[in-house]
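Protein sequence lines correspond, in order, to chains A and B.
Counting in numbering that gives the first Met the number 0, the first sequence runs from 0 upward without gaps.
Counting in numbering that gives the first Met the number 0, the second sequence runs from 0 upward without gaps.
Just so you know, the hints here were simulated from the structure itself, not pulled from any lab data.
One should not assume that every hint holds.
Unchecked claim - To list a few chain B residues with every Cβ distance to chain A over 10 Å, as calculated:
#1 A122
#2 R166
#3 L399
What the hints assert, rightly or not - Not close to chain B: a few residues of chain A, all C-beta gaps over 12 Å, as computed:
#4 E32
#5 L49
#6 N87
#7 D92
#8 P102
#9 P116
#10 V117
#11 A134
#12 Q190
#13 V294
#14 E346
#15 Y433
To be verified - If you want a taste of the chain A side facing chain B, the calculated C-beta under 10 Å gives, among others:
#16 G66
#17 F119
#18 F212
#19 H239
#20 Q386
#21 Q389
#22 T436
#23 T440
#24 K443
Glycine is no exception: its CB is placed at the ideal position from the N, C-alpha and C atoms.
Number of protein chains: 2
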Amino acid sequence: MIQFPYRPRWLSRSLLCAMLPAALCLQPSVASEFEEEDLRIARELRELALTRNGGFDVVEDLTTRIGPRMAGTEADARAVAWGEALLNDLGFDRVWLQPVTFPTWHRNLEVARIVSPVEFNFAALALGFSPATPAGGVEAEVVMFDDLDALEAADPTEVEGRIVFVRNRMERSRDGSTYGPAVRARSVGAQLAAQKGGVAYMIRSIGTSTNRFAHTGTQRFDVGVRSLPAVAISNPDADHLERLVAGDEPVRLHIEVDAEYVEAYTSHNVIGEITGSEMPEQIVALGAHLDSWDVGTGALDDGAGIAIITEAARLIMQREERPKRSIHVIYFAAEEIGLWGGRVWAEEHNQAGTMPNVQLGAESDFGAGPIYAISARVSDEAWPVIQAIQAELAPLGIELGGRSASGGPDFIPAAPFGMAAVDLRQDGTHYFDYHHTENDTLDKIDPEQLAQNAAAYAVLAWLSAQSPISFGSGPGLINQSR
Amino acid sequence: MIQFPYRPRWLSRSLLCAMLPAALCLQPSVASEFEEEDLRIARELRELALTRNGGFDVVEDLTTRIGPRMAGTEADARAVAWGEALLNDLGFDRVWLQPVTFPTWHRNLEVARIVSPVEFNFAALALGFSPATPAGGVEAEVVMFDDLDALEAADPTEVEGRIVFVRNRMERSRDGSTYGPAVRARSVGAQLAAQKGGVAYMIRSIGTSTNRFAHTGTQRFDVGVRSLPAVAISNPDADHLERLVAGDEPVRLHIEVDAEYVEAYTSHNVIGEITGSEMPEQIVALGAHLDSWDVGTGALDDGAGIAIITEAARLIMQREERPKRSIHVIYFAAEEIGLWGGRVWAEEHNQAGTMPNVQLGAESDFGAGPIYAISARVSDEAWPVIQAIQAELAPLGIELGGRSASGGPDFIPAAPFGMAAVDLRQDGTHYFDYHHTENDTLDKIDPEQLAQNAAAYAVLAWLSAQSPISFGSGPGLINQSR
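Same shape as in the complex, but just chain A (with noise of 0.2 Å):
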């Protein structure tokens, strides 16, 4: 392995070999070998972060100043400035909007309760989409399934008419493996319900908080599909309503939706790039989404991900070395609402030819727990620097994961076009308590745990930016699972 240790600053590697006859200038022996340089770097930012806040700073701002700021509302529109604002003033090589386009809908009102055999309030929130009932809302005795297998195994004779209660319960993990399963309740059970003739629908919340907060959250939707007005109840709520629907009474309930859909509304992803001092058209792509739900103030969703990519990129740019990739740190638009921003942002790179570009995307958007493994999905000859990467994160308590990774929801729409992807996975054990709720405020973030994300975000980010090979986007990585 050929060392220059004497070699002056502006005399990369690559310019260097660019000098001389190709025969000359050997590869490392190792391809994942990082230079001396950047792994001391790489070890100074990721101790320096750990003596920071983690960009609590950031967060506290936003949620504070900004508050809630669902996709399509005005907030939404401060926040895009906010972020504008931000990443001009931290001083990125280039910031600018990237117009992103979707339907969206706000939240009027929403009443749930019981109104016999004895009344009682819910703690309940309209599931996004839910179309609104008739003024007055409905009334109707209810009829309750485990879950929506069993919805969809029901004759529409048991349903026609009646209010439909879905009470599948979400467990409690440290990978948040179990949110999926239970949350098709939520996507597609007021669809389903409508089909069999129910007159609305509602759901156990998909989450794991023992306090009297609903979850909202998404809704397939499909236009022209008819579907139902939806609500979701807090898990003590839906406790209570399983104990009267297990007495001898019917049980007769009034639910009450108001919304509005909303068929088109521009937002923007914004984007901030450190420029890359040798290889400036490749980008390792940081993201984490500015919007989040009308309820709470978006802390842990996705507040903590702004704040630990920002301060990821904020401790690199502070240095005196610029990285080779360029970095971008990525502000998507409407990610909770259909991921739209990173659909458009997959697009545009498709489009433009320039995913094989893409270093790496990594977004952070599972609240703010720490970190405990790195997982890749990357080329056979990139999985080395993965594992040197994971070396340098380990002080941080993080373990080397496996070979599939989605970088994270938006940019799953980039994995059709062959992204290289990494996970830096979180602790979710208490994300499904605050997930989604009005409970989701700043409070709820830890600023040490939010500096160990930081600090791994940082360590990959630089060192992605310096590997001495490309991660594999491109069509090989396409569909590819290991």
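With chain A fixed as given, assemble chain B onto it according to the hints.
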């Protein structure tokens, strides 16, 4: 010490003494010594209680079939009927209602929000006896004070025309001693702010929850004294407001309250008696309150207390042996808004001259946390009996506390009449996470902890009923404090 090991059941020690010349009927050398059989029964009660659910069925039924039951509402009347039916069904020897008349208050609406510099809706609850705002609410700049002392010290020119916000935070404690100092801001703050010319009053909730639940509760209500519309906001919301107040711009709030004052409503204490076999006129008075706040389902406050004392009495009633003294289970009315049930109970005993017959008053009204100590306000002669009772409670993890006790909120009005009182002190570390919030629901009760409570009350009630001596209610205990 004289033992009557072969004495027939019907021949009690006191009856025997009445039949013999006084000199022959020696008192036991240690007045506190229980008969072996009484101790054996106490131990059996204790052990059996731990195998049961502590009365969870009772609080489950109360919270589910009645739900919230604010004093003076339709649900209050349903709760009284529920309680009367329950005590009759359980086979109490006598069950009766004691009318209790009081002023009350009903919440219709509360809205509290930041208008500028950034709009934000608070999680808020009006405080009990808050007057209404004018329709449409009031809007004004906020002035923030660290605590009530700071408000007291403030020059009226700081307050005039403003919405007053007092930000003091209740700290967590096992014994709940941090509640009293903090709650003054709720009890008397609005009247003070009115005197200084404020237009509305707002506090940080008097609770320890970090969730977005506001804490309601009563305020001092003096007829004819001007007060202000008053609300509490949750801890995270108070943090949010403080962050904005710390900024450069003035912060304007909007508060709207609609509520009604009700001059007089008559509810009832519900009382069940296990009639004593030897001293039926002597009363072991176990209390809990049947009313709750109008938010949540009053599970911890005070459905748990209702469950605990009911289960303790049920355990005793299920035995063949009868207690020597009578045991009263009292479901007090209208505790939350002014200890009205307790006042009537105390006054009636006082006027009837029967307070000296009250062996003790002990109310369970601090949730369902485990009991860790027994304290008592009893005569010097009776203190060794309390020590002997504590010895039987020790296997439950209950230590001997001190010689001051209130008996619980509803027995406070009996203190001026010299009632002996026992406190079974519960661990309240988490009580103020739920107290007086929407989140006080059944799932917050741990049946095992509830059973520990029921075990302790069963042992206390049984041994107090069998005690060889009176605990000393009467003039000698007035204002006694050690």
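Checked hints:
1. A122: Since the minimum Cβ distance to chain A is about 7 Å, A122 (chain B) lies within 10 Å and the statement is violated.
2. R166: holds, 15 Å
3. L399: holds, 35 Å
4. E32: holds, 47 Å
5. L49: holds, 25 Å
6. N87: holds, 21 Å
7. D92: holds, 30 Å
8. P102: holds, 24 Å
9. P116: P116 (chain A) is in fact no farther than 12 Å from some Cβ atom of chain B, at 8 Å.
10. V117: violated, 6 Å
11. A134: Given a closest Cβ separation of 19 Å, the condition holds.
12. Q190: holds, 31 Å
13. V294: Its Cβ does come within 12 Å of chain B, the nearest being 9 Å, so this is violated.
14. E346: holds, 34 Å
15. Y433: Label violated. Min Cβ-Cβ 9 Å, cutoff 12 Å.
16. G66: holds, 5 Å
17. F119: holds, 5 Å
18. F212: holds, 7 Å
19. H239: Check passed: Cβ of H239 (chain A) comes within 6 Å of chain B, closer than 10 Å.
20. Q386: violated, 40 Å
21. Q389: violated, 34 Å
22. T436: At 8 Å from the nearest chain B Cβ, T436 (chain A) passes the 10 Å test, so the hint holds.
23. T440: With a minimum Cβ separation of about 4 Å from chain B (threshold 10 Å), the hint on T440 (chain A) holds.
24. K443: holds, 8 Å
Hints 1, 9, 10, 13, 15, 20, 21, counting from the list given before, are not met by this structure.
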